[in-house]
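Chains as they are written, first to last, in the working numbering: chain A, 36 to 270; chain B, 28 to 276.
This list has only true hints and no planted wrong ones.
Taking lysine to any residue and the SDA-like style, the derived pairs with C-alpha atoms no more than 20 Å apart in a straight line are:
(1) LYS96(B) x LEU77(B)
(2) LYS53(A) x LEU136(B)
(3) LYS79(B) x GLY149(A)
(4) LYS42(A) x LEU100(B)
(5) LYS98(B) x GLU132(B)
(6) LYS234(B) x ASP251(B)
(7) LYS215(B) x SER105(B)
(8) LYS53(A) x ALA137(B)
(9) LYS79(B) x GLY64(B)
(10) LYS234(B) x THR30(B)
(11) LYS133(B) x PRO51(A)
(12) LYS53(B) x GLY76(B)
(13) LYS96(B) x ALA38(A)
(14) LYS59(A) x ILE135(A)
(15) LYS98(B) x THR49(A)
(16) LYS98(B) x PRO152(A)
(17) LYS59(A) x ARG131(B)
(18) LYS79(B) x ILE138(A)
(19) LYS53(A) x GLY101(B)
(20) LYS98(B) x ASP88(B)
(21) LYS96(B) x GLY76(B)
(22) LYS98(B) x PRO51(A)
(23) LYS135(B) x PRO50(A)
(24) LYS53(A) x GLU146(A)
(25) LYS96(B) x TYR153(A)
(26) LYS227(B) x GLN212(B)
(27) LYS53(A) x THR134(B)
(28) LYS98(B) x LEU48(A)
(29) LYS96(B) x PRO152(A)
(30) LYS42(A) x GLY101(B)
Hint data in this document are derived by calculation from the structure and do not stem from the laboratory.
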Amino acid sequence: MGAFLIKGVFCALTPPLKFYRFLKQLGFIGFQSTLVILLTGAFTGMVMGLQGFYTLTRFASEAFLGPMVALALIRELGPVITALMVTGRAGSAVTAEIGIMRITEQIDALELMGLNPYRYLIVPNLLAALIALPLLTAIFDVIGIFGGYVVGVKLLGVGPGTYFGEMVNYVDMEDITGGLYKSISFGVIIAWVCCYKGFYTGFGAEGVSRATTQAVVLSSVLILVWDYFMTSALF
Amino acid sequence: MITIEDIYKSFNGFEVLRGASLQVDKGEIVALIGKSGYGKSVLMKHVAGLMKPDRGRVLVDGQDISRLKSKELGQLRSRFGFLFQGGALFDSLTVFDNVAFPLREKTKLAEKEISERVLSELDQVGLTGSERKYPAEISGGMIKRAALARSLVREPEIMFFDEPTTGLDPITANNILALISSCHQRLKFTGIIVTHQIPKIFGIVEKVALLDEGRVLIAGSPDDILASDNPVVRQFLGNSIEGPQTNMD
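So that you can see chain A by itself, here it is in the shape it has in the complex (with noise of 0.2 Å):
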């Protein structure tokens, strides 16, 4: 698996980069997983709010309602549960795509041509991962916080200045740059782990399913793994 890392991200580095291609998994990673991205990111904030909101009562801090929200989704939850939906819906799809391109020959194809599969389907997987998790976790951060805003500030009675005073005070440029490298290096996990396993996958309809299977499984508990270690090394 590492030689195989190694290979894609040398091809990524060298050209010549098949930029069509990777405008497609652009938009099919990234893109067309802005709408979940919005939805869980909205009622992940939301629920921060609300639990947030309860708990910070019982020691008289909701003012720290704002700080709180921010500080978790920038730092956490905004970057490994958009990780872990980008898995969800393409990263099995990527898996799926590559591994019946094995099974029916087409990567053969491709290698019988004189091509490099790598740079047709790793090298625009890899990249497209690595530039549309950073955005679409600011997304789902910026609207979590926004959900929280909702709950916190419309609902519960959070004075907006405070919610949002508070956030500025407390957050800082490290907490978004920590998140940020985190999304960054999930979109290299979640290209790698599911490119391996299609790419590698076993015979037949069943081996396809066996390998997205393996690959939604591994990149998730490869992320929160690598979670644990970015925080330690971050923060």
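Please build the complex by placing chain B on the supplied structure of chain A, with the hints as guidance.
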């Protein structure tokens, strides 16, 4: 032109090829025949460089294909054409784009010239009018013909055909064989064809090789094969269940 020397290949401990050797001369088509599961496609994929042998070697124009670096292998493969059993057309591309794909990716031809060559090739295989259809929208025979057009569009020197008529009705199968024959006469390629179309295939190939238990049991002209006294050959040509090959596994 192609020399297969004593190839051994195992999968999960099961030895599929056990010392297969074969010579294919320039410009001739060799038919690889034999029981299903006896390694015909595996042997052909070794020649195409899609698999590496455990032992033995495959020489193409004197070059050991398993020792080539990926760039050299890519250059050699640009002389190859391969018709896969299922066609292996790209699902996301139309028939036209499938056939144009190798030209767009491996040549610097202008789009107009590519279009002319693709349409001409599609005309040769009788697919005029199906250019804008996707593989999922056409029949099995049309997929095979489109795949044949794609593999021939760059006028390869060496062609591989992996069971080109499997799953087709007899009329379509005959059409495909006739197409292969006419394309061979037009392009003069060297070819290996894995097939069960016996004896129809004998009319379009120069040599026939029978693969049995991982080895080439006999190789010769179609007339030599037809005149052979070998009991396995007789059983195979006679479509008989009586003979040395009785196992059903």
